Each structure stands twice: as C-alpha cells, then as structure tokens.
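Turn these sequences into a full structure, and let the hints steer you where they fit.
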Amino acid sequence: MTAFASADDRSLLDLLLVAAERALGDADRDSAGVDSVYVGNMAAEAFNARSGLANALVGGLGMTGVTARRVENTSASGASAFQSAVAAVASGRSERALAVGGEKMSAADTATATEIISRITHDREYEQGVTLPSFGGLAAAAYLRETDADRRDLSRVAVKNHANAYANEYAQFNKRIDGDDVLASPAVAEPLRLYDCCPTSDGAAAVVVESGSGATDDAVTIAACESATGTHAVADRADPLEIASVRTAGERAYDAAGFGADAVDLACIHDAFTILEWLEMEELGLAPAGRAWERTRDGKTDLDGELPVNPGGGLKARGHPLGATGISQVIELVWQLRGDLPDERAVEGASRGLAVNVAGFGNNAVCTLLEGDA
Amino acid sequence: MTELLECRDCGRRTYYEKRRCPECGGAAFDAVPAGTGELLSVTTVHVTPDGVREPNALGLASFPGGANVIAQLDGELSIGDDVRLVGERALRVTEDGPLWGVRIVAAE
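Heads up: the sequence lines are chains A and B, in that order. Each residue of the first sequence is one higher than the one before, counting from 1 in our numbering. Each residue of the second sequence is one higher than the one before, counting from 1001 in our numbering.
Any given hint could be a false lead.
Here are a few chain A residues that face chain B, going by a calculated C-beta distance under 10 Å [unchecked claim]:
(1) 126
(2) 138
(3) 189
(4) 231
(5) 235
Reference listing, derived: stretches of chain A covered by chain B, where coverage requires no fewer than 3 residues with Cβ under 8 Å from a Cβ of chain B [to be verified]:
(6) 109-115
(7) 139-151
Treat the hints as calculated values from the structure; they're not laboratory data. Predicted model, so just to flag it, every value in this text is computed and none were measured. Each residue gets a CB set at the ideal place from its N, CA and C atoms; glycine is no exception.
Quick look at the structure:
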C-alpha cells in the first residue's frame, strides 16, 4: 500500500500502480502470473475526472488478456474488490487475482467532497442536507443516552486509534492526542467533534490472492470473506443503534470460517466515526450489546489488550481513502498475523484477525476473517 | 409529504419510498397520515453541504406502524418529545431551485 496522506501529489492511477507493484513484490509474484484484477474505487469520476480505472491499471502494469473490472461499493469498495478476487480464486475461475483499491480525495475541496459523499443517501435523506457525520451524531446521541457511557469515553476511541497510528509509517496522522484535544476540536455533528471523524485521504492498497496449493510459506489464509446489505435509508432501521449489514456479514463470515467471535485475536473495525467502533463491535459479537464502551474504557481494545481493535490506527488515524480502506485493513491483518511489524506496534501472538469495511452508514458491509499459522 | 407509505399487504409503514415492501415484498402502498411520533435522537450538524442551513438541527423520530424518519428540526426539541411532521418546507437550495420536504416539529 501507499502511505495514506491528506494530499498526495501523485495521480490516482499512479497510487494504484505503486500499491499493485508493492503487493506483487511482497508476494514475490510477477504480474505475468495474475489472471484477474479487481479495482475498488468509489468516485474517481467525481473526485478526479478519471474513468476506466481497471483497464488503465492493467495497461500500466503491462498486462493483457486478463479479466479486469472496477468494483464500486461506496466506502466499502476496497473490501468488495477483495471479495471479488477471493470469489474468483475460490471458484477456480482465477489462479491468481490482484485486488487493488484507491481514492484521491484531495482533488476536491471540502464542500465538493461532502457533496459527493452525501450523494450516496436516499433522496429523502439528501433533501434534508444529511451528511454521513449526521448519522454518526444521531447514533452517538442515542448511545450515550441509552448506556452509561459518557462523552469522554467516546474520546478514548479516537485517542487509542491515534496512539496506534503513531508508530505506523503508513498512517496519515502520526500524532498522539488526548481526551482534551478531542473535546477542544470543533463540533461536527453533536455530540461528535472533528476528532471523532475520519479525515479525507489519498492512498491506495493492494493484495495478491491465490489458491493454497502454490502459496508461499508465510502466506495468510483467507478463512472467510462475506458481505450483506442493510437498509439504504438509515431511518428505515427499527433501532437507531442497529447496523444489520455488519451483523449479517459477520455471522456469515463466522459460519464460513468455522470459528466465532471468541476466536478472534484482533480486529480492524470501520471507525469512520468513533461511535461506529462500538456499534460494529457489538454487532460482530466482539462485545455485548451496549457494552463495547466498557471495553474501550478498560483498555481491552488497546494494542496490548484482550482484543486489540484498529492496531494500525483505523480510519480515524490511518486515514480513509474510500476505495483503499477495505484492502488496507486486510494488509494490516496480514502484517500482524505474519509478525512483520516492529514490537511497538505489534499485537503479540495473534493468529486470527477480523476486518469489517462498511459502505455508507451501514448500507452494506464486508467481513473478512484471516488466519495465520502462529 | 407528511404522509407515510403503508404496505397494502402487511401494513408495514415507511417514509422512504421504494418499489417493494421490505417486510413482505408487496408492491402497493397507501399514503397515510404520519400521526404523532417520538423523538429518538437529535444532532446539530455544523458542517453542511452547500445550499443547506448551517447549523442544521436534525432529529430521528419514530412514528406509529414502525416508520422512522430523519428530518430537520424546527424549534427547540429534546429526545423523548412528542413530534409531528410538517411540510412543505424549503430544505436545501440547488441550481434547479429549492428542494422541498418535511420538518419535525413539536406535536400540539
């Protein structure tokens, strides 16, 4: 992957090419052996006036004769591209697949980026001026009212994820923050403040997927990659704290993998807003309903806790280049499971990891389970 | 519209128009008055898209028949308040003129 950044001078295509070449190099594979390519990207037409990404990418890699396409699933485009690659290999249609995801959001000013992203909503939501943080604010207000968690507990999610990103050379932010910094940052959608929200980012990420027979010794096994949609209109959910897409994708993934939440050693959760880290942990069975905040407060989700969550900094601090995020989560799990990382940012003894990448505020979710050989 | 869409087959209500009922798959809906709802959550949004008021106070309200609505708030409202929908309000300015829709206000 590329290091995520607020603004990267390279074009979106260049970012994708760099990420793809790094993935092939890491896997010790030549592009000639790849027979399918899936490119996750949400909105290159709107952000960058660029279309035809998949064909441009394979052309840039000197590949012809492969199956290639772009996969779009808003902020879960990366994981959906990964799921397409996994499905192609699992079905036998592809011997070796490349999943690449990227977004270059800095090309748009904040108002334009907000408009592009809020266009994913239902027309009845759009006309209200609803933005993605608006959903986060409504969910956070309801959660703080229905549980014993308070505003300072929510800040701990951002503080932890910044601390985890501090030693991650691929993270957008390498700055530790404390709870006072969160509370001093401008209000975005009350009770959420700026430091509760992920940034806009530039970046790309890629992985190589192939069948087990010829895999390298340190390859990580894909135990499951499953997805599910939820409601499109967020208010169509009976409970404002429910994200059924995440719950269903998680249940399908646990079923396919043959192990459950209890066996997960670390998790990369789609923390576009601090509140989402709690809601998704609860939907995935990583904490009981209404109790995820206690795990955060008690340090159980810290890097050295019982279940480290977002050891790479999460969307909050690693950054959130929409189409890249789902693949960057998979890469973080691979690095952790292979034991590649320096001590100061390694999860000790991890053998099973979970990643969940969410489209919009739960329109769709993709849950991946990976197994190392620890 | 201050009405909800009620599935003619199963009675499930929604504010968000769609071709099929998510509960039973029915394709016919009747417009019914939303009635009095309860405010489940509120937020004030300070970063809004062009053409949208700033700050933008939004609420999530639950109405009879299982329909929840997210809409702009008019007036001081808190979680737990009884509310109703009012229309047609100019909610957002676009190049093609205003977008009209409902707001949530206190029930009388």
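Now the hints, each set against the structure:
1. 126: Where the cut-off is 10 Å and the nearest Cβ of chain B is about 8 Å from residue 126 of chain A, the hint holds.
2. 138: 4 Å, holds
3. 189: Nearest chain B Cβ about 5 Å off; hint holds.
4. 231: 7 Å, holds
5. 235: Since chain B brings a Cβ to about 4 Å from residue 235 of chain A, closer than 10 Å, the hint holds.
6. 109-115: It holds, with 4 qualifying residues against the three required.
7. 139-151: Three-residue rule met by the region 139-151 of chain A, so holds; n is 5.
Violation of the numbered hints given earlier is absent; every hint is satisfied by the structure.
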